[in-house]
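Engineer: Protein sequence lines correspond, in order, to chains A and B.
In terms of numbering that gives the first Met the number 0, the numbers along the first sequence are unbroken and rise by one, the last being 156.
In terms of numbering that gives the first Met the number 0, the numbers along the second sequence are unbroken and rise by one, the last being 566.
These are calculated hints, taken from the structure and not from any lab test.
Be aware that one or more of the hints could be misleading.
[Unchecked claim] Computed spacing ranges between beta-carbons, pair by pair:
1. B:123 <-> A:138: 50 to 60 angstroms
2. A:143 <-> B:314: 50 to 60 angstroms
3. A:153 <-> B:116: 42 to 52 angstroms
4. A:94 <-> B:107: 47 to 57 angstroms
5. B:112 <-> A:11: 23 to 33 angstroms
6. A:148 <-> B:173: 40 to 50 angstroms
In this text, all values refer to a predicted model and were calculated from it rather than measured experimentally.
Built from N, CA and C at the ideal position, the CB exists for glycine as well.
Spelled out from the first residue to the last, the chains are:
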Amino acid sequence: MRHIISVIVDNKPGELVRIAGLFSRRGFNIDSLAVGETENSAFSRITLVVTGDDQVIEQISKQLYKLIDTYKVVDLTPLNHIDREMLLVKVSVTPTTRSEVIEIANVFRAKIIDVGDKSLVTEITGDSDKIEGFISLLRRFGIMEMVRTGTVGIARG
Amino acid sequence: MTEKLKGSKILIESLKKENVDHIFGYPGGTVLEIYDELYDAEIKHYLVRHEQAAAHAADGYARSSGKVGVCLATSGPGATNLVTGIATAYMDSTPMVAITGNVSTWLIGKDSFQEADITGITMPITKHNFLVKDVNDLAVTVKKAFHIARSGRPGPVLIDIPKDVTANKAPFIYPDEVDIPSYRPTIKGSIKQIKSAIDLIHKAERPVILAGGGIVAANASEELRQFVELSQLPVASTLMALGAYPYNGPLSLKMPGMHGTAFANHAIHEADLLISIGMRFDDRITGKLSTFAPKAKIIHIDIDPAEIGKCMPTLVPIVGDARVVLKDMIHYLIENPLEPKKAWLAEIDALKAKFPLQYKRSDEFINPQFAVETIAKMTAGQAIMCTDVGTHQMWSAQYLDHQNPRQFISSGGLGTMGFGFPAAMGVQVANPDKLVIDITGDGSIQMNIQELSTVANYNLPVKVIILNNRYLGMVRQWQELFYNNRYSSVDLEGKQPDFVKVAQAYDVMGLRASTPAELPGVLEKAFAHNGPVFVDVVVNREENVFPMVPAGGVLNKMIGEKGGLEL
Ligand SMILES: Cc1ncc(C[n+]2csc(CCOP(=O)(O)OP(=O)(O)O)c2C)c(N)n1
Ligand SMILES: [Mg+2]
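Work out the full structure: start from the sequences and follow the hints.
Structural biologist: This is the structure we're talking about:
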């Protein structure tokens, strides 16, 4: 199962390496990763999306927590939470398909942020399913380039 | 205002605050400031002849004394030479602080002369590591390093100090206490869990205690003995726990696992409950996990929560310090005494009678097992034994008389050939009045044989006993059993040096024993000598270590469960 794990670490150089290294040497896979400062600049939050059965997820959490600079490890998945990722995608368009792409973007509440002769760049945020849905609808127009962030998540309430 | 001190002086003063009396190290360009400070410091520095030996010596020092061992090396090759020693300490959870010099801060990242990213290299083999970029952080970093190394599940911590940081000045303020909010090991076990554990023990019919190195690390040997006394349960001790419970005691199952006793392995296979304390279900103990102890529920006591459930599903996890948890268990056991498991103990006695540890006797050759037994008899549990890695190590585990904790020093997790001799040096430094013996192989000893120079230099009276089979014996055994006797790159007959002459070249006493009759006399001479000795014991070449659970096998299916005499 897919889990979103949120890790609070010291905001120091090298922390990301410790976590990435832990995953590679213990044979855990990272599906996506996002790093940024928290409300307190002394800490940063690393959000990891990982896939595994309960035993694997428990080991991942414990091994992360075992790192000396790790304050908190939370598996957001079983909690009531919100998660988002962001996608920038450059789609090739012709004068005839342009409006169709814009229409799809509107339906998904994506923004058009750049318009070229033969392409459009759109920006969308949402959970993974929404992003996947958007991508699959754009495929037939021709995706020239896309950039996708890792998932970030927060517990509700 | 506090007077400002150089980084190197701050380092030495900090080490003194941590009660460091001895350091093992090797100098070089980036640690010149530190060595200049050591020139007239109270801390005694032992100059090894290879940095790997410094790390192993610090490790042996720590394992035998419980104090943090300290090693020191220069940047680049000095630091990378420590790596095997750090990994060895990490796998066996030894408290150690490794200090390395590095190129000056402005040279870092420029592929400077003798630059190596040693914090990057050692990240997976240290409990934690630090690169100190500002002399103002040095003292507190040392404080944290020692705290991390010795608390919780102990382990090696590396401090990398660029050369300019050792030369720059800062006020020396050493904190009395250090609190790392992100690192607070759990010491006391949950009482609720402890009560469930006691409950399970009451209900079980065939329980076995699996004692691991965590018991030694927690200094919980006394508590383990009390617990066993009260519960009358059989105890198997892993390689890392040998001596935590008296090896030859009536309830001892000796060592389980790949080369464990057949009675320990059968007992574990039949057990309905395992009480695992400070052990981590290493594959050398379990064989294939899915067939390990198939009938047993598991109580797992460990200070490292990540160990619980890592290999085996656990019914009752107890996170805490082995000593503290055992004290609580003893309390509840006194409150709620256990009926002795008479039928089970009778079964175990029958297993012990049926499958004793045994080997072929010979008047002609020295069998390596006989050599170990002879050493055991002559030392009566009083010596500290170190080993290298190979068949001699397994026979040492099987046939020595392990009476006390911290008296069997061996590389378990990493299985590092070359560990024994330098570790023995560290043990001797920590225990100047003890007889310290290194039982080694003709292969292993050559992986750090240069330390003859160190023991000669400081007159460290370690007794190195080489069980010389002219083979990389353990590898040969696997090739015999699993590769059709194709002895690929293991036969060293006629290719080994004369170890007696090698020792003598370093001005170290060299002795040789070739027959069982002369062995005791030669050993006596070695033990009586007030200085280091190399004893070349010419042993029967193709002895195998039995019993043997093949890698990935099942514990109750051993090769040679009757010592191989039946084969
Ligand atoms: C550094 C290192 N290299 C290789 C090995 C693999 N290995 C394990 S035992 C062994 C043979 C050891 O030979 P020796 O020291 O003579 O001991 P014996 O088995 O003959 O008693 C080898 C090569 C190891 N454990 N460590
Ligand atoms: Mg050998």
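Engineer: Please go over all the hints and tell whether each is borne out by the structure.
Structural biologist: Each hint tested on the structure:
no., hint, in the structure
1, B:123 <-> A:138: 50 to 60 angstroms, "violated (40 angstroms)"
2, A:143 <-> B:314: 50 to 60 angstroms, "holds (56 angstroms)"
3, A:153 <-> B:116: 42 to 52 angstroms, "violated (35 angstroms)"
4, A:94 <-> B:107: 47 to 57 angstroms, "holds (56 angstroms)"
5, B:112 <-> A:11: 23 to 33 angstroms, "holds (28 angstroms)"
6, A:148 <-> B:173: 40 to 50 angstroms, "holds (45 angstroms)"
Going down the numbered hints, you'll see the structure goes against 1 and 3, while the others check out.
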